[in-house]
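Residue numbers (this note's numbering), protein chains in the order written: chain A, 1 to 232; chain B, 1 to 464.
Source of the hints: derived by calculation from the structure; they are not laboratory data. Take every hint as true, because none was put in to throw you off.
In silico EDC-like cross-links for lysine to aspartate or glutamate, where the CA-CA straight-line distance does not exceed 16 Å:
#: 1; chain 1: A; residue 1: K161; chain 2: A; residue 2: D54
#: 2; chain 1: A; residue 1: K137; chain 2: A; residue 2: E169
#: 3; chain 1: B; residue 1: K352; chain 2: A; residue 2: D191
#: 4; chain 1: A; residue 1: K229; chain 2: A; residue 2: E181
#: 5; chain 1: B; residue 1: K352; chain 2: A; residue 2: D90
#: 6; chain 1: A; residue 1: K113; chain 2: B; residue 2: E268
#: 7; chain 1: A; residue 1: K186; chain 2: A; residue 2: D200
#: 8; chain 1: A; residue 1: K209; chain 2: A; residue 2: E99
#: 9; chain 1: A; residue 1: K113; chain 2: A; residue 2: E29
#: 10; chain 1: A; residue 1: K113; chain 2: A; residue 2: D30
#: 11; chain 1: A; residue 1: K209; chain 2: A; residue 2: E142
#: 12; chain 1: B; residue 1: K352; chain 2: A; residue 2: E181
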Amino acid sequence: MSQYLSVGTRILTVEDDERIRTAVRFALEDEGWIVDEADSGEAAADMFANEPADVVLIDIMLPGIDGFELCRSIRRISDVPIVMVTARADTHDVVAGLEAGADDYLTKPFAPKELSARIRALLRRHRVASPDSPILKVGDLEIAPEQGVVKRNGEELHLTKTEFRLLCELASTPGKVFSRESLLEKVWGYDYFGDGRLVDVHIRRLRTKVEVDAAHPRHVVTVRGMGYKLQS
Amino acid sequence: MSVLRNGLRLRARIVLAFALGGLFLSVLLSAITYSVTRSTNLDQRTESAERQFFANAASIQDLSLSADPSYSELLRSLPQVAGGSPILRDTDEENPWIAPALTAADLPSSLVSMTESGDGAFRMRYDRPDGVSSLALGVAISNTNVSYFEVVTLSELDGNLSSLLLTLFVASFGTTMLSALLGVWASTRVLAPLTSISSAAGSIAAGDLSTRLEERADPDLETIIDSFNNMAGSLEARIERDARFASDVSHELRSPLMTLRASIEVLESRRDELSERSQAALDLLSDDVHRFQRLVEDLLEISRSDAGSLDASFDPLLVAQLLQAVMRTTNHLDITLNVGQGSDEALVNGDKRRLFQVISNLLENADKYAGGATAVNLVCSNHNIRIEVSDAGSGVPTDERNLVFERFARGSAARRRGSGGGAGLGLALVAEHVRLHNGRVWVEDRTDGLDGSVFVVELPRFHE
Numbered sequence: 001m002s003q004y005l006s007v008g009t010r011i012l013t014v015e016d017d018e019r020i021r022t023a024v025r026f027a028l029e030d031e032g033w034i035v036d037e038a039d040s041g042e043a044a045a046d047m048f049a050n051e052p053a054d055v056v057l058i059d060i061m062l063p064g065i066d067g068f069e070l071c072r073s074i075r076r077i078s079d080v081p082i083v084m085v086t087a088r089a090d091t092h093d094v095v096a097g098l099e100a101g102a103d104d105y106l107t108k109p110f111a112p113k114e115l116s117a118r119i120r121a122l123l124r125r126h127r128v129a130s131p132d133s134p135i136l137k138v139g140d141l142e143i144a145p146e147q148g149v150v151k152r153n154g155e156e157l158h159l160t161k162t163e164f165r166l167l168c169e170l171a172s173t174p175g176k177v178f179s180r181e182s183l184l185e186k187v188w189g190y191d192y193f194g195d196g197r198l199v200d201v202h203i204r205r206l207r208t209k210v211e212v213d214a215a216h217p218r219h220v221v222t223v224r225g226m227g228y229k230l231q232s
Numbered sequence: 001m002s003v004l005r006n007g008l009r010l011r012a013r014i015v016l017a018f019a020l021g022g023l024f025l026s027v028l029l030s031a032i033t034y035s036v037t038r039s040t041n042l043d044q045r046t047e048s049a050e051r052q053f054f055a056n057a058a059s060i061q062d063l064s065l066s067a068d069p070s071y072s073e074l075l076r077s078l079p080q081v082a083g084g085s086p087i088l089r090d091t092d093e094e095n096p097w098i099a100p101a102l103t104a105a106d107l108p109s110s111l112v113s114m115t116e117s118g119d120g121a122f123r124m125r126y127d128r129p130d131g132v133s134s135l136a137l138g139v140a141i142s143n144t145n146v147s148y149f150e151v152v153t154l155s156e157l158d159g160n161l162s163s164l165l166l167t168l169f170v171a172s173f174g175t176t177m178l179s180a181l182l183g184v185w186a187s188t189r190v191l192a193p194l195t196s197i198s199s200a201a202g203s204i205a206a207g208d209l210s211t212r213l214e215e216r217a218d219p220d221l222e223t224i225i226d227s228f229n230n231m232a233g234s235l236e237a238r239i240e241r242d243a244r245f246a247s248d249v250s251h252e253l254r255s256p257l258m259t260l261r262a263s264i265e266v267l268e269s270r271r272d273e274l275s276e277r278s279q280a281a282l283d284l285l286s287d288d289v290h291r292f293q294r295l296v297e298d299l300l301e302i303s304r305s306d307a308g309s310l311d312a313s314f315d316p317l318l319v320a321q322l323l324q325a326v327m328r329t330t331n332h333l334d335i336t337l338n339v340g341q342g343s344d345e346a347l348v349n350g351d352k353r354r355l356f357q358v359i360s361n362l363l364e365n366a367d368k369y370a371g372g373a374t375a376v377n378l379v380c381s382n383h384n385i386r387i388e389v390s391d392a393g394s395g396v397p398t399d400e401r402n403l404v405f406e407r408f409a410r411g412s413a414a415r416r417r418g419s420g421g422g423a424g425l426g427l428a429l430v431a432e433h434v435r436l437h438n439g440r441v442w443v444e445d446r447t448d449g450l451d452g453s454v455f456v457v458e459l460p461r462f463h464e
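Okay, chain A solo, but in the shape it has when bound:
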């Protein structure tokens, strides 16, 4: 399964430290990925514009435009999965990276095998629970998991792949409360000790896109002390 997914999948790694870049490239290539390298945010933006990668790996500390800025500029043109690499697991860096549009993050030094596992989880497609009802309707939202399309009042919304999978997970059983742990497991492939901030920030991002008024969500609702649920 992993080999199958890796074949032909291009990863763009953006890292200014040449030693790290080389070592990570070797390790990722051993896992079967095709790796492109960029040593600055500017170079990465140019490369991505010419030939979009399937996954982007961004180090936050970059000379010139930093990782957050690069992440935002890629997000403006693409829904590609982005993994941030931080030197610190502080709340500030992690949340800022996720707010900038990253799908997941890793803290240096990470095992390249762990990175591969994260990438595979992000590239997974949502498994449709009931193939006979290809379109899910929740309030004014219309979700087509197979096509990867979500519409509000007939108008198509632009979600990243991870946001879309999160929405599909919640929409699989409308009204059911999903704990952060279960969402971490189903959407990101984490076990019990995944970082709850991933869920919280993605829910925030999802609300700005699917809700009419993100400050007063009608669909994606927080259930205090329990988790989140989708309601019409």
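Starting from the known structure of chain A, arrange chain B on it as the hints suggest.
Here is chain B on its own, set in the frame of chain A:
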């Protein structure tokens, strides 16, 4: 506490100084008032007595011009000031003294001789034989052998003065009390800045390094407030610098570690291509890189908790589920997990990542120094949650039971081991994290009589 006690003593001293000052001033003023009043009154009495005396002397002079003057009749009708009594001496008579109220003995003889031998009027203050303070006046009536005297009793005057004295005493007492009250007020005002300085110092000692004193316009206080705030500022900067240094060093070490880990992974995936000797070297390298990484991460964690753990996020967690997850993640599923009755639903308000480290570090500690944990027990009361990690090792000597939770201070059992040990931060981190959760951690002997120790973590139970 000692600051407070010194403050109170100082306050008492200030109040006492104010009271004594008030007492001294009021007594001084009373004394001046008393003596001035006394002499003024005396002068007035003397003056009016003299006026009356000369008027009476003039009447006697008039009478002496008549053919047969009857002095005793006149004396009785002459007006007198209060306490005044007339005495007349006519040396032409056989019985020279005429004294309706007093006797000649009441007059001082020196005055009598001065009056009779001299010319003009004389005045003298003296005490009568019966002890009464008096004023005597005397004049020789011209062209006759008659001398006229008056004796004025001054005791009435003393009565007036003694009531004044009482008034002054009461006033002095009142003033002293008022001064003491003023002292209380003033000392409170003076000590107020000291109280705020002591509470600020207290909160700095308790860990709130950002505490500062409020600026005041008073130039007397400005100096001490400035120097206190400067001291607090440099203390805060110093502590932050120390914490940041450890954190910066750990961060700087992450980049080379990243290269090392990725490179080792590349080598490991080509393990089969390596000679046996190279494989052994690779294993050594790999193990120590992992150990090094642990040390860096633990150091970072410690410096983070020194800096105040701003990134902790507390959520209600099911303790039993947490324990299972830790044991699954750290490959300790072979250890028995005993969940006490009614404990499977117990919640703790905790930071998941830190509690993971607490449990996994205890399990790891048992692996390294006691041949592995034998059981993990979860026991809950209404208020507390107890997590007990038991082992079958040689136990921890009583005098080392607090020491094992110190940084880099491993027990004697661990020291003997020499190689393969951890960095010595594992249990220190456990203690830091447990403290952050308002809990306690300690080590005790096994209660079932077998060899080994039990590490106990007690956390407050959370109720929804």
